[in-house]
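Which chain is which? The protein sequence lines are X and E, in order. Once you know that position 16 of the first sequence is 16 in our numbering, the rest is easy, because the numbers rise by one and skip nothing. Once you know that position 90 of the second sequence is 90 in our numbering, the rest is easy, because the numbers rise by one and skip nothing.
It cannot be assumed that every hint is accurate.
[Stated by the list, open to error] Below, in silico cross-link-like pairs of lysine to aspartate or glutamate (DMTMM-like), each with a Cα-Cα straight-line distance of 25 Å or less:
hint, chain 1, residue 1, chain 2, residue 2
1, X, K57, X, E145
2, E, K99, X, D8
3, E, K99, E, D162
4, X, K45, E, E5
5, X, K45, X, E3
6, X, K45, X, D167
Think of the hints as simulated: they come from the structure by calculation, not from any bench.
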Amino acid sequence: MPELVLPDRLRGVEPVRSIRTPARLDYEFTAGRATSRFLRGVAEKRLLGQRCPVCRKVYVPPRGACPTDGVPTEEEVELGHTGTVTTFCVVNVQFYGQAMELPYVSALILLDGSDLPIMHLLQEVSADDVHMGMRVEAVWVPDDEIEPTLESIRYFRPNGEPDAPWDSYKDNV
Amino acid sequence: MSDVEVMIAPNVIEYPFRRTTGPVIGAFFTALREGFVVGVRGSDGRVIVPPAEYDPVTAEELTEIVEVGDAGEVVSWAWVAESLDGHPFDRPFAFALVKLDGADTPMLHAVDVAAAEQMRTGMRVAARWRPARPGADDEVAEGVRYREGHIADIECFVPEGDR
Ligand SMILES: [Zn+2]
């Protein structure tokens with residue numbers, strides 16, 4: 001790269017090497033009817049999925065239709081607050097806006113009775129001990145803090161049950 | 001199920017990007033932080049402001065950084081009657097192409113006047129600078145935006161007589 005010829009006033013001063021170029025996108029998220037029902041259920045500490053009439057899969061959070069069969073999923077199914085870790089990620093890297101202490105574990109959890117895992121935090125367990133098939137339970141925020149958001153579940157933690165057999169979650173990995 | 005009230009929530013996505021400047025654009029921002037403006041001399045002798053890294057005619061790398069004035073002439077302008085988020089003002093203002101003294105190309109910036117009637121092509125305008133960042137031992141004023149090496153180190157341009 002050729003040398004720059006600088007005016008005197010720019011010699012010997014610390015050069016600017018980067019500039020701030022923040023981006024901000026202001027959206028409104030519209031949950032839709034099915035997910036709105038789900039979120040209202042969460043506000044009552046209930047986890048509501050929807051079953052496809054064709055393939056019988058239970059989706060949570062429900063989107064109102066089965067992506068495979070293209071039909072409305074109108075049958076509501078109440079799910080338990082326990083589930084199985086299908087896959088997980090140990091987060092070791094600090095990033096902007098991160099509130100968690102490192103390392104922490106983010107996992108896909110297949111709630112009992114459902115056929116689609118949700119992503120949530122795992123706590124009260126060392127990252128080294130997390131594994132596929134681990135049985136976990138939801139830990140909710142105190143009742144007076146519950147709102148229609150999945151953050152009303154603070155995290156999941158191991159519930160002490162023996163690991164789920166591979167066959168019970170192999171279709172969700 | 002059909003009479004569910006649909007929930008709507010704000011969903012803001014923010015990326016705190018920084019962009020590396022390279023030495024030529026970096027010289028421009030360094031000069032802004034120091035309170036003056038530079039361009040680069042092209043192969044045909046023209047002074048390009050803000051500086052370009054490569055010659056617009058020959059595509060050669062450009063290396064001669066030159067200082068220009070911080071006042072100049074409005075070449076073209078557009079009135080912003082309703083300002084938007086991210087605009088330099090929350091009141092009406094003009095975006096203008098300003099050809100600074102000593103420059104051969106115009107630069108886009110805001111001009112702070114109260115009404116479109118005060119704008120005209122060919123009018124003289126001058127930069128209104130933000131204050132230099134105080135030294136380590138000096139007092140920092142609350143809520144003041146200091147120069148940092150950013151295009152907003154020039155807060156705006158104003159009619160030359162008003163500076
Ligand atoms: Zn289906």
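Hint-by-hint comparison with the structure:
1. Using a Cα cut-off of 25 Å, the hinted pair K57/X and E145/X is violated, with the two alpha carbons roughly 32 Å apart.
2. At most 25 Å may separate the alpha-carbon atoms for a hinted pair to count; K99/E and D8/X meet this at roughly 23 Å.
3. Straight-line distance between C-alpha atoms of K99/E and D162/E comes to about 18 Å, which keeps the hinted pair within the 25 Å bound.
4. Annotation: proposed proximity of K45/X to E5/E holds, straight-line Cα distance about 19 Å (limit 25 Å).
5. Taking the CA atoms of K45/X and E3/X, the gap is about 66 Å. The hint is violated against a cut of 25 Å.
6. Under the criterion of a C-alpha separation no larger than 25 Å, the hint pairing K45/X with D167/X is inconsistent with the structure, at around 29 Å.
Comparing the model with each numbered hint stated earlier shows that hints 1, 5, 6 do not hold.
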